[in-house]
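Chemist: Sequential numbering from 1 applies to the sequence shown in my numbering.
Since the hints were made in silico from the structure, they are not lab data.
Remember, it's a predicted structure, so these values are computed and weren't measured experimentally.
Using N, Cα and C, we set each Cβ at its ideal position, and we do this for glycine too.
Careful: at least some of the hints might be erroneous.
[Said to hold, decoys possible] With beta-carbon atoms standing in for the labels, derived distance ranges: (1) S72 with G5: 30 to 36 Å; (2) D4 with G37: 42 to 48 Å; (3) G51 with D7: 33 to 39 Å; (4) L17 with L54: 23 to 29 Å; (5) K8 with R47: 35 to 41 Å.
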Amino acid sequence: MEHDGRDKWPSRTAVVLAAMSAFPILKISIGQASRGGAVVAFNGINRYTKGVGLAVIMNGYVVATYFVPILS
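With the hints as extra help, turn the sequences into a complete structure.
Modeler: Set out below in structure tokens:
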């Protein structure tokens, strides 16, 4: 295999972690473009992706209700 001058990912784990860290940036960009919250933003893409916006809200709720009593 020839070296074409491009960098390569060290492992598949690095690729997955990089993709996961890009999701919040994508979510913020979509929200800014639609001028709405998570549900409105993802519903604007496709009505079937409205569940992704609901999952974002539910995830925040679960994390908050779990960690607030632990930290207090």
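Chemist: Evaluate each hint against the coordinates.
Modeler: Now the hints, each set against the structure:
no.	hint	in the structure
1	S72 with G5: 30 to 36 Å	violated (54 Å)
2	D4 with G37: 42 to 48 Å	holds (43 Å)
3	G51 with D7: 33 to 39 Å	holds (36 Å)
4	L17 with L54: 23 to 29 Å	holds (25 Å)
5	K8 with R47: 35 to 41 Å	holds (39 Å)
Hint compliance for this structure: hint 1 alone is broken.
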